[in-house]
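Visitor: Need the complex rebuilt from these two chains, each delivered in its own frame; the hints are there to steer you.
Chains X and Y supply the protein sequences, listed in that same order.
For the first sequence, our numbering gives the first residue as 469, with consecutive numbering after it.
For the second sequence, our numbering gives the first residue as 88, with consecutive numbering after it.
Be aware that a few hints might be false.
As the list claims (entries may be wrong) - Simulated crosslink set (SDA-like; lysine to any residue; CA at most 20 Å straight-line):
| id | chain 1 | residue 1 | chain 2 | residue 2 |
| --- | --- | --- | --- | --- |
| 1 | X | K591 | Y | R104 |
| 2 | X | K604 | X | R634 |
| 3 | Y | K89 | X | P710 |
| 4 | Y | K89 | X | R634 |
| 5 | Y | K89 | X | D578 |
| 6 | Y | K89 | X | M640 |
| 7 | X | K604 | Y | K89 |
| 8 | X | K604 | Y | P333 |
| 9 | X | K591 | Y | E247 |
| 10 | Y | K89 | X | E574 |
| 11 | Y | K89 | X | R523 |
| 12 | Y | K89 | X | Y573 |
| 13 | Y | K89 | X | R541 |
| 14 | X | K604 | Y | G163 |
| 15 | X | K591 | X | M640 |
Just so you know, these hints were derived from the structure itself, not from any lab.
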Amino acid sequence: MPTAIAVRDLRKSYDGIEALRGISFDVQEGEVFGLLGPNGAGKTTTVEILEGYRRRDSGDVAVLGHDPSDAPRDLRERMGVVLQHSENLSLLTVHEVLRMFGGYYESPRDVDEVVALVGLADKRDARVRTLSGGQKRRLDLGTALVGDPDLVFLDEPTTGFDPAARRSAWEMIRSLRALGKTVLLTTHYLDEAQQLADRVAVIRAGQIIALGTPADLIGETRRAEIRFRRDGELVTIETDEPTRVLAGLTAEALSAGRELEQLEIRRPSLEDVYLELVEEPEDA
Amino acid sequence: MKALAHQLSFEQRIFWRSREAAVFIFIFPLLLYTLLATVYSGEIDDRPSADVLLAGLFGYGAANTAFGGLAIILVGRREYGILKRLRATPLTPRTYLAAVLLSILLVFALQSVALLVLGSLGFGASAPANALGFAGSVVLGAACFAGLGVGAASLIRSAEGVSAVVNVVLLPMAFLSGSFGSTPEDYPAFLEAIADVLPLTYFLQIVNGVYLDGDSLFAHPRALAVVAAWGLAGLVVAWRRFTWVPRER
Ligand SMILES: Nc1ncnc2c1ncn2[C@@H]1O[C@H](COP(=O)(O)OP(=O)(O)O)[C@@H](O)[C@H]1O
Ligand SMILES: [Mg+2]
Chain X
469 MPTAIAVRDL RKSYDGIEAL RGISFDVQEG EVFGLLGPNG AGKTTTVEIL EGYRRRDSGD
529 VAVLGHDPSD APRDLRERMG VVLQHSENLS LLTVHEVLRM FGGYYESPRD VDEVVALVGL
589 ADKRDARVRT LSGGQKRRLD LGTALVGDPD LVFLDEPTTG FDPAARRSAW EMIRSLRALG
649 KTVLLTTHYL DEAQQLADRV AVIRAGQIIA LGTPADLIGE TRRAEIRFRR DGELVTIETD
709 EPTRVLAGLT AEALSAGREL EQLEIRRPSL EDVYLELVEE PEDA
Chain Y
88 MKALAHQLSF EQRIFWRSRE AAVFIFIFPL LLYTLLATVY SGEIDDRPSA DVLLAGLFGY
148 GAANTAFGGL AIILVGRREY GILKRLRATP LTPRTYLAAV LLSILLVFAL QSVALLVLGS
208 LGFGASAPAN ALGFAGSVVL GAACFAGLGV GAASLIRSAE GVSAVVNVVL LPMAFLSGSF
268 GSTPEDYPAF LEAIADVLPL TYFLQIVNGV YLDGDSLFAH PRALAVVAAW GLAGLVVAWR
328 RFTWVPRER
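Chain Y extracted, bound-state conformation (with noise of 0.2 Å):
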């Protein structure tokens, strides 16, 4: 436990001393929150717009801050040999997976609360509709994206490449499931099929019904089976590939 909060607090310092990561991941979905909501003022499938897309971009936050965020982190840090000189610490694998996975967590339910207030005190929208069932999805949502990032960290071998690789998976996946205020139902078939597998598509069905419905966290079944289906698929290939050393120069 000790160790736990030893490793979170540097790992909460590193986040916040990264410029890079507090505008790219902390910053830039509530900036994409407030050109969304300024260009689109109406309403949106006949809700309100401004809580159409805080749900849309909390989605996006998600994935944006667990999924991109980790996989940048871990993959710079193996590569620049600093996960392989921590082997040699007597810090655990376990405890220290912990603490990234937990920073993490906590930026993107700060990312949550940011996000609920500049839409309450800028856009007038409302507030969660079940209130625990959104708490439950800042966790859901965390946890779904940081087991594929954790994935994604196997399978990037490039601390170079990272960033890019990254963006071109997450910023097509959030247009397609609906992040940015279009619903798939207007797609071509095509787009509407590949919307259709997409995790972070499931994760907003359950983001709408906690935020907008009131539903509760498990009002949509299937939906939750897709989003921990993507989450453990993303485990295992870091069950199978993660490696602690950079690749061989």
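If we strip away everything but chain X, and leave its shape as in the complex, we get (with noise of 0.2 Å):
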């Protein structure tokens, strides 16, 4: 599949203070990638950088095959953007803000048809000052779209949803992946990448720590817990090799003809990878 988004070696400061370390990762065309990491990772920086809103100092970057800091008008037209902070003009209604959007590119999407998209329909004339949060965070969307961009770039677009509402977002995300656009998507929400992206950069402190579909980084530790009670004492053993540990507690334990009670092997969860990953100090 051909590349839709390279970074080699990207590498950001400000004021003396690294905010990037030198990323790379690819994004195919059609892939939703996720790039998932706490407050203060590099995220949005990642991001802005390839949006063409801010100079990197290092490092190579082709987004659709341009160099976003020179700007040019073929990728404008091919991208939708959607800000971690922006608003809308308060006074127009949904209908209009999309239709004026619209008007920006030279084959843009039916404004009805986007209003629908993003689950707007009922708030078509509204004014967007009257919109809740999410839902004017949907009309960004819908700002995003009515360009009918091969790329969209979403800047932890469900930040401060309810539940309800972020499991809607999430499938308005997905059918952009049936759509067959390709979707950078920035998130703190472990759960969120895991349910939306193909594939998860994990990035902290400017640097990329982990990367690969949500299975692959579950698999890259090949760690188990194994729990047990003994003589009601909850037993916790970590390990690289569960299969030997095993065998020689179960023999231990047939021996003396004891029960392991409660025994139970687990396999950690992309939540226990994650937090492992971004907890574990920096120059580990």
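Guide: Structure, rendered in structure tokens:
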């Protein structure tokens, strides 16, 4: 599959403080790629360099074959953007905002179609200022889609949403994949990355510390956790060799004629892996 | 051209839909004129006060609409991230700014017509002695004060504070330069000295020329030069300091 975004050894400092310390990744066309990391990890910095808002200090970046720092029109024609913070013109209606944005593109999508796609059909003629936070965010998504882009950047699209709103936003983002769009999504919610992304890069303190499909990331640690109760006390053993450890334990228990009570072998969830990754001391 | 017309139509829609803009920018100078022309019914400097005040409020309107209105629009849109968002679309900055400027010019042109009609019907004010020159001064005033407005928008970083800042500049300037019927020659020396550098003082010289005396728009080259210099100064500030992104929070 062709590459939509290529990032090589990207670096960026603010006043001498390194926000990005040489990150590299590729996003394939048609893929939903998640940039997952805690606040301050460098997600927005990365995305805004790719969108052409910020200048990189060094490294190579190609977005749909362009260097975004030249702000080429072809790129702006083909990308859609949801910023982490932005507002729409509060006096216009939903339909008007989308019509205004649609007018900037050569072949925009039908405005009413986009209104429906982002679930604002019943708010079509409502002024932006009367929308709820979640509805405004969906309008942001609408402005990103109305130009019928090939590539969509979503910077923390569901931060601040209640669980129901988050689920409906997820549905919408899944529908982008169905439309064949390439999506670069940032989030600090692990479940969001797991639900939406084909591949995830975990970023911490300006570095990518893990990259792969959600399944790969879990597979990367071979560690397993064995738990059982001995005389009522919970025993927990973490090991990279569960087979050997377990064989020893069962042999011991059998020869002593005891039961390994409440025996459980657990593989870490993506959440465990993520927490482990982002909580490791930086220089480990 | 199509992109410009598209954006201009939305700019107009937004402007007229905003009660603040419609009242404080469009109506306020007309209201002030009505009040002042009612209070000062005789003559000012041997001219009918309805005429002198009309010229004065026309000047104030130029500053209020182009300088104040533009600064308020641009600062608000920048600080709320609207300008930033637009930068990621194919709309070019040039087209966008042209649409915003044309929209303000259109508002001021309508306001000028409304002022002339109001003056003539309500207070017997004269029609412009040099109609073409007067039309030219609409464009000149809008251009000069729009330049200053973009410059001010580059320096003011608070969407909440912009209205206050703008009016702290505007009202004393309008008062000192004689928009409200007084004349700088009667002021104490230090106030006159301030009035002597204000763009509105010189713009009013030109307006008085075309509106009252039937002068050509170019009859006062010194005033024209000062007005142009102020407008350019605003543009230079904008050139160096204008940003599309909000202040970091
Ligand atoms: N414009 C800026 N000026 C100075 N420091 C910044 C700026 N933007 C981001 N930073 C710093 O760079 C780091 C990464 O920030 P950011 O990219 O916003 O992270 P994220 O989006 O993952 O929360 C943080 O330490 C942040 O404080
Ligand atoms: Mg961020």
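Visitor: Sort out which numbered hints this structure fails and list those numbers smallest first.
Guide: 3, 4, 6, 7, 9, 11
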